[in-house]
Amino acid sequence: MSECSAMRESMPLLLTEALDPVRRETAHQHIESCVVCSEEWRAHKETWTLLEELPEVEVPARVKTAFLEKVGVAEPAVSNVIPFRGRPVFKWVAQAAAVVVLVGGAYFAGDRNADRIQPTGARIESVTPMQRVASGITPVSLAETRVLDAAALSPEIQGRPAVRNVTCVDCDGSDGQIALSFDVTSRWTVSGHPKDESMLRLSSYMLENEDVASTPSEALDSLRRMYSDPAHADPQIANALANVLRSDAHEGVRIDAVETLTHLPAAVSAQTRDALIEALRSDPNPAVRLKAVEALANMVRDGAVLEPTEVDVLRQKALQQDENPYVRVKVAETLGNMQP
Amino acid sequence: MKIRVSTAVLILCVAAAAQAAPFRQTMTTEQKFSITPGGTFVLENPHGNIDIVGSNVTQIEATLTTLVTAKSEAALAEGRRGSNLIIGGDAKTRIVRTVIARKTNDWSVAVQWNVRVPRNVHVHVVSTSSERIRINDILGSVKVKNFRGNVMIGDVSGSTVVESVNGSIVYATPHPGGNVLLSTVNGNVTATVAGDADFRWVAETGRGDIRTSMQQGLRGAFFGPRFQGTVNAPGGPTITTSTLMGDVHLLAAGASAAKTQSLRQLPLTESPSSRAAQRTNTSGPAVLRRGTVKGLFTYETKMGDVRVQEIQGDARIFTGAGVVQIGAVSGACNVRSHGGPLELGEISGVLTASTRAGDILVDSTRRGGTIATQGGTIRLLYTSGPTTLTSGGGDIIVSQAAASVKAETTSGDVVIGVDRDSKSEKIDAQTKKGNILLHVGPKFGADIDATIVTTDARADTIASELPGLSIRREHVAGKTVVRATGKINGGGQKVVLHATGGDIRISTRALAPTVVKPR
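So the protein sequences, as listed, match chains F and C.
Note that my numbering has the first sequence beginning at 697, numbered continuously upward.
Note that my numbering has the second sequence beginning at 3, numbered continuously upward.
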């Protein structure tokens, strides 16, 4: 416990990176293994981040003077400055007069020097809808690598983003240019309507690239559930799920994908028919094949008409002796409900 | 007064019927197509009946009756324009095709073909829907492929192949000269041959029965659901009759259909592997429904659903393919399925439940047991006995475990909620791709050994809301192995968690209730 106390005391130094390397490493190791200190460290970091984000407020001069006086570091008085004592009534009259002079002068000068434009019949030739840009920010795209001109990067750094793997690509400065390359980890929160193109693409990417996107399964489940809702269902999401069904090596992931497809409205998932047929024909896991049939049955129930080659696949599957009998029965039921 | 009201209603009904009556037009044309002796006649007709008869003619003589049905006069005209006849190929292979423009809901076209062909030609028919396709008296081979509608083949000396989906097949040739393959998915198959015909017979059905009136000369055995044997003398062509959902009949010409017998009841030579299969080859109803059953309940079906409200005793249930739904079992429960979901309620005795494909949902098992699927999600809401759960792919969720749990999935998440009052339980959870979430009470004590194997150590982590774990990292063959060991709340039973490509979380929050669809 005494170790924990010592660690907590050294946390401010750790935050300001004032600890020597050995103590820093020891502190990090302890934090990693101790849940209580880990929690404490997280709180410290949060507070620090909040402090960074707070606007810097200029201290009023008299407060500053009073503080400095109290601590005995009073600013030396300047002998040739005579304090100006304001006279309120005179001050208001002077300000009003100044405003009248400025406004009147500006009008006079502007009116004399302005170009005269003859009035014409104005007409709108065309209207280009303005692209929606959130909060006046130019749309940015998520990218694996990005090359930026320094002018495009705000000098302000918000919070304490983790910057790693810094390399000096060009640091001699002889040509008046330098280049730094690094990885930066920052937390993004993107909000928008589920059917916004950006939200759809982002969600599709996460559903489709589970390994790269490292999306926790609860988050994926929530996404799948949300896009199963007919109000939000979209072909782009269906296609992403179809790609997962085609290519993911893990049957659990494929089962989740095909299960979501089963619940999508047939009109939305029509484009995914190939993937379902392919899964039915050759997926090694019986549960995936079973759910693929259920998804196809759902489409047929909603009036989808399958191509003759697709019907042939179903027929062969129904009669395939080494196929799981329940899959065969489900295929037969689907065929039985089909309108030629 | 009554009469007047009835008359008014009648008039209204007739008027309504007249209003709803579709517009119809029937057109009949006659066509002749040349074909060489021994040539092949290919007819593709998507909608409409087909009758083809071999006769003493030298060319193909066809009468086409086109029936256009439409909702309006305009649609009728459109329907008339929407169907065309395309004649292709040459005299050796004559291809005739009815082409119907993309159908709308406003009109439909069916073309009925009555064709006379030279007996020695081969006939190939492709159809989508019809009431019947009938082919008779052909010396050459016959090939028919259709989706809906019955197919009747009579007196075809050559080889015959009929592939249907939603229709029945009737084949009658006294002495088949070539191999015969008759297969459908949702229909029956009936083959009638002479009583003295020699041939090999292969028969298979999923849900139906295989019956014959030729039991005298029959020898053979079941190989799984498939029967293979010979009728009369060995040799001769092979007649293959298969359907998934219907019955198969092999009849001797002239014998009464009532004299047929199920092959399951015949004393056939059995292959060793077929004995077990035959025991369960009883054709039960598509769905067996029972209310409350008192005492031991044993039921086996090769294909069909089993739905029982309550069993006051032990239960032993097997289905080759189907849904098993049991409300409650007061004794031990053994449910096996070769495919289909299992939905089990309150199981008071030891539970053994397995399926080769499908999800498993169990409300509770008081004495634990074994639950396994080769692919699907397992949801167990409550267990108070040692329980082993295995999935070949899919999540495993145990909402409340008041006993030891062993859960393993090939890929998927494992979520285990330990009873909040439990001070310690033995838990062993493994996933080869996915996360493990262990929910325990704040005073839960255990010796934890948690490992994740990952290629992205920043993304996959071990986190515990209970202190006491120390974490080590190792790099093995390009992967990071993160291992957390230690005692929580002073230690207790062994808790082993192993996840590949996912997180491990030990949480003291209560597990969210499992939402189950109403049965």
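By construction, these hints were calculated from the structure, which means they are not laboratory data.
It is possible that part of the hints are untrue.
[What the hints assert, rightly or not] Computed cross-link-like contacts, SDA-like style, restricted to lysine to any residue with a CA-CA straight-line distance of at most 20 Å: (1) C:Lys145 <-> F:Asp1008; (2) C:Lys481 <-> F:Ala945; (3) C:Lys445 <-> F:Asp944; (4) C:Lys445 <-> F:Asp1008; (5) C:Lys425 <-> C:Thr412; (6) C:Lys145 <-> C:Thr106; (7) C:Lys261 <-> C:Lys145; (8) C:Lys489 <-> F:Glu1006; (9) C:Lys73 <-> C:Thr28; (10) C:Lys445 <-> C:Gly493; (11) C:Lys489 <-> F:Arg897; (12) C:Lys445 <-> F:His959.
A quick look at each hint next to the structure:
no. : hint                   : result
1   : C:Lys145 <-> F:Asp1008 : holds, 16 Å
2   : C:Lys481 <-> F:Ala945  : holds, 18 Å
3   : C:Lys445 <-> F:Asp944  : violated, 40 Å
4   : C:Lys445 <-> F:Asp1008 : violated, 59 Å
5   : C:Lys425 <-> C:Thr412  : violated, 29 Å
6   : C:Lys145 <-> C:Thr106  : violated, 30 Å
7   : C:Lys261 <-> C:Lys145  : violated, 31 Å
8   : C:Lys489 <-> F:Glu1006 : violated, 57 Å
9   : C:Lys73 <-> C:Thr28    : holds, 15 Å
10  : C:Lys445 <-> C:Gly493  : holds, 10 Å
11  : C:Lys489 <-> F:Arg897  : violated, 44 Å
12  : C:Lys445 <-> F:His959  : violated, 41 Å
Going through the hint list in order, the structure does not satisfy hints 3, 4, 5, 6, 7, 8, 11 and 12.
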